[in-house]
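Participant: Work out the full structure: start from the sequences and follow the hints.
Protein chains in written order, with the numbering used here: chain S, 1 to 491; chain P, 1 to 433.
Because the hints were derived from the structure by calculation, they are not lab data. All values derive from a computational prediction rather than experimental measurement. Don't take each hint at face value.
[As the list claims (entries may be wrong)] The calculated label-pair distances, taken between Cβ atoms and stated as ranges, are:
no.: 1; chain 1: S; residue 1: R97; chain 2: P; residue 2: T26; range: 37 to 47 Å
no.: 2; chain 1: S; residue 1: G343; chain 2: P; residue 2: C105; range: 45 to 55 Å
no.: 3; chain 1: P; residue 1: A111; chain 2: S; residue 2: L14; range: 25 to 35 Å
no.: 4; chain 1: S; residue 1: L14; chain 2: P; residue 2: P71; range: 27 to 37 Å
no.: 5; chain 1: S; residue 1: G343; chain 2: P; residue 2: K81; range: 49 to 59 Å
Glycine included, each C-beta is placed from N, C-alpha and C at the ideal position.
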Amino acid sequence: MSMQLKKAPKQRALVSAALIATIIAIGLLALIEKGPVAPGVPVGASPLNPMALGTSQLVDLVAKNYSITIIHSLTELSRVRGELCTYVTISPEVPYRSEEANSIASMLKERCARLKILVADESTYSNTLLQALNSSIRINGDRILLVTAPRGGETTRLELSPYPPANITIRTSHILILDKASTVSGGGAIGYAYARSESEVLCLADPNGNVYKCEAAFAIASRDLVKGVEILAIGDGSILLNQVFSSNRSEYMFFTQELFSYLCENNPHCTVIFDAMHYISLSPRDLLNNPSYSLRELAKDPTTLLYLMPSVLAIILHPSVWLPPLIQLLSTLLEKALASIAGAAVILLLTLLIYRMVMGGARTSHDSRLPEQVEEEVGVFAELRKSIATGKVKLTKRDFASLCQTLDAMLKFYRGSGLWSEQALDVLAELLGDRKRAYRELQWVLKLYRKAVGKSWLPILVLWRRAVKRLVRLVEEIGKSISERIGVNII
Amino acid sequence: MIVPTNRFSAYMAVTALVIAIALLITLETLPFAAFLLALGIAMSLHIRLSIRAVENLKVEAVIDSFTDKEPVVVRIRLVNKSLYPVLIAEYSLSYEPILRLEKGCKAGVLAVPSKGIAELVFVFGARVGTHKVGPLTIVLRDLLGLFKTQPLVLWKGSSFRVAPSIEATILKRLYLYTRSSGLVKAKAPGEGVEFYDVRDYRPGDELRRVVWRVYASRQRLAVWEAERESYQAIVYIVNSSRDMWTGAPRSTPVEHSARIIASIARYAATRGYLQTALAVNECDIGVFGDPAFGKQGFARVLEALRSISLCTEEKQLDWGEVLFKTLPLLPREHTFIFIFTKTALGTEQLLDFATKLSALGHRVYVVAPLVTTYDVSQSLPQKLIEIYRARQLEIASEELKGVNILRSRGVRVIAVSPQLVAQRIVQAIELTT
Chain S
1 MSMQLKKAPK
11 QRALVSAALI
21 ATIIAIGLLA
31 LIEKGPVAPG
41 VPVGASPLNP
51 MALGTSQLVD
61 LVAKNYSITI
71 IHSLTELSRV
81 RGELCTYVTI
91 SPEVPYRSEE
101 ANSIASMLKE
111 RCARLKILVA
121 DESTYSNTLL
131 QALNSSIRIN
141 GDRILLVTAP
151 RGGETTRLEL
161 SPYPPANITI
171 RTSHILILDK
181 ASTVSGGGAI
191 GYAYARSESE
201 VLCLADPNGN
211 VYKCEAAFAI
221 ASRDLVKGVE
231 ILAIGDGSIL
241 LNQVFSSNRS
251 EYMFFTQELF
261 SYLCENNPHC
271 TVIFDAMHYI
281 SLSPRDLLNN
291 PSYSLRELAK
301 DPTTLLYLMP
311 SVLAIILHPS
321 VWLPPLIQLL
331 STLLEKALAS
341 IAGAAVILLL
351 TLLIYRMVMG
361 GARTSHDSRL
371 PEQVEEEVGV
381 FAELRKSIAT
391 GKVKLTKRDF
401 ASLCQTLDAM
411 LKFYRGSGLW
421 SEQALDVLAE
431 LLGDRKRAYR
441 ELQWVLKLYR
451 KAVGKSWLPI
461 LVLWRRAVKR
471 LVRLVEEIGK
481 SISERIGVNI
491 I
Chain P
1 MIVPTNRFSA
11 YMAVTALVIA
21 IALLITLETL
31 PFAAFLLALG
41 IAMSLHIRLS
51 IRAVENLKVE
61 AVIDSFTDKE
71 PVVVRIRLVN
81 KSLYPVLIAE
91 YSLSYEPILR
101 LEKGCKAGVL
111 AVPSKGIAEL
121 VFVFGARVGT
131 HKVGPLTIVL
141 RDLLGLFKTQ
151 PLVLWKGSSF
161 RVAPSIEATI
171 LKRLYLYTRS
181 SGLVKAKAPG
191 EGVEFYDVRD
201 YRPGDELRRV
211 VWRVYASRQR
221 LAVWEAERES
231 YQAIVYIVNS
241 SRDMWTGAPR
251 STPVEHSARI
261 IASIARYAAT
271 RGYLQTALAV
281 NECDIGVFGD
291 PAFGKQGFAR
301 VLEALRSISL
311 CTEEKQLDWG
321 EVLFKTLPLL
331 PREHTFIFIF
341 TKTALGTEQL
351 LDFATKLSAL
361 GHRVYVVAPL
371 VTTYDVSQSL
381 PQKLIEIYRA
391 RQLEIASEEL
401 KGVNILRSRG
411 VRVIAVSPQL
421 VAQRIVQAIE
431 LTT
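Facilitator: What follows is the structure, given as structure tokens:
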């Protein structure tokens, strides 16, 4: 016994290494087959983007009062049904194609008893959809700039700001600050960007930044009703982004609540359909193939980087991203290496040479775990149990003789006279409570003891295991009897 | 100190192959080869920095141990003051095999952040005596398992001491038993220091014993009397050799004996007896001073019981040496000596020890906790249980033989059921005094 740590007993693995390897291989193949959870990370005003420039908070806000559906494909749109539907598209980053817009319009009209459309866009990407709905409204795609005249003649330079104020009337009027908004034409105007004072004026600039027209106000929101479909267009998506809901300004929240209350007519059965098809998503492949583009995208909102990096990492680590190219690379290399036997031999020799150089005669060792402390029972019985557990111990005539000694010691302990004394029968009779049985047992014990120690050859055949078991029972009975009489547990 | 693993060998073989391909087939794989090499170097650097961090670790260990009723809590705080974290450190705590870890992991993986603290908490079931915990050893590995360190001793370890609990039931039973059986003598006036009573002055009484307050109130001279002191000395000798640790934790003969001794010592301290104790085993004989009165004597007994330990060397207990150490402690005669020991092995030596002490006029009692009765049933197959029972009875017969030999040679042996031991000892003391 020592304080030395001992190796834990060897354990046999129930699952073989080959089986584990096979399961891992199957798992990898399944993962490749399934692909990553998300092929890319959504950016821009996508309803799936939880960062500042996303609209996930708008979705959460609307979901409190109405049922919502986020559409990733036309197939998903084909499953939508409703009594009253409101289709919402906010600052799409991918233009609506003509046939796609027609499909969306026809599907929505087909599946919804009543339909309303909300377009909040500063680009011309959603005009195709407006056209497909036969609406006269168009987003002009220009930029409204707030031009402020120089003060006190310190400088003659005009101040240009892309954040003009606007008044939009849904049921009540809402004063909001726009962000890089576009004018809207057609329909009935319900909102205007305006100049706050005489020293300010609103101007329109083309995508290159050239100012070409200035006025006191411009229409930035319009409403149109075409064959029962109500269309509401706002020339700015930024008033519905997460960043405005996260700010401490409540007017955007009130505006949004009133806007959707109007569109859904306070009907809890209204289904609001958010478009998620017209946004780009950054895939790891994009990031790796075109880092400058990716960085440009990320630079729009640095906080997105925090969201993007772990998401991108999760995608990169997915086997479907790295395993097929790796296998392909290995396959190509193997093909080249085995093109000729001589070439393969040279590679092998060079590998061995490099290996020897790099290793430099370093001696490696098996990486085994630290030995653990083993908690042990000590004492004579612990050692006895160990020896018995090895299975080498058997009951023999030696055990019978030893047990006779035990019985003798017990009787001496009780009365002072042992098994071979003249008083043995009396003591046994007292302890067993039956003189006849005591005589029988005593005769049996003494006879077999003589045989066990080699003093007699009778009885000829003895099953020692059975005899020892019987004697154990007798000793236990006598021990119990002694314990009851003198209050001493001895066995 | 740093050893490359077989994994490193395989890793370098792959790296060498990639370099060979880069040199002979296509340079496209060169960045990959460079990456593999750089990664290997980075791992090597990481483990070197980790070793430096481990060397600068401040280890603070606190062990809370009281009696065998409360668990022993070992807290090891690892304070990393360096800027580099200790990552993937495999640890293993060593401790005496008879201890049982109740909470915590004796082996696992730990990490200590840079400028941070990690705490390992181990809770052991308390066992009477002195026990050792430690060392705490760790092995560092890099993130890919390419390198590992030799085992590093983080904490050398420490010993803790656990006192036996005084069993209220035993103590209560003792008081009840001594009162109901009339064993406790009526208090009598005599020589001593404890106050007994106030009585009228008699000629010859010392003037310094006059109680002046009584005189002032009653105008009568009265003196205070002391209670006659008992000078009975008791010495407990506890054998904590290997077989005395047989059985379930906290219920072994030695631990049971320690609790009985502590309870009796507490009782004897209130009765004004002189007492001390010796803790003996195969390795050591612990002596804790001459018999002393009251609390001091009780403290010496507890000190001896706290120092009980398990000897891990293959030796036999030398009763001759015990006699040599015991004799200087004993008053001239009439000392009660209780030897708590098994009787199976070395009976002749024990007999010699007891006989020599008796010959000097001391009353020697061998308290034999029959170890067979402390054994706990184990889950053995039925076939093996029969063999086990037969062998167990053989061991019991050795014990009984020892008891019989001692008794036949006139040594007083208390061999009763564990619950009656305390009662028998008190009976022996009180009846004799």
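Participant: So does G343 of chain S sit 45 to 55 Å from C105 of chain P, Cβ to Cβ?
Facilitator: 53 Å, holds
Participant: If I claimed the Cβ atoms of A111 of chain P and L14 of chain S lie 25 to 35 Å apart, would that claim hold in this structure?
Facilitator: With Cβ atoms ~31 Å apart, the hint holds.
Participant: Taking 27 to 37 Å as the hint, is the beta-carbon distance of L14 of chain S and P71 of chain P inside that range?
Facilitator: Hint holds: Cβ distance 35 Å, inside 27 to 37 Å.
Participant: Taking the beta carbons of R97 of chain S and T26 of chain P, is their distance inside 37 to 47 Å?
Facilitator: For T26 of chain P against R97 of chain S, whose Cβ atoms are near 43 Å apart, the range 37 to 47 Å holds.
Participant: Between G343 of chain S and K81 of chain P, does the beta-carbon spacing fit 49 to 59 Å?
Facilitator: For G343 of chain S and K81 of chain P the Cβ distance comes to about 56 Å; the hint holds.
Checked against the numbered hints above, the structure breaks none of them.
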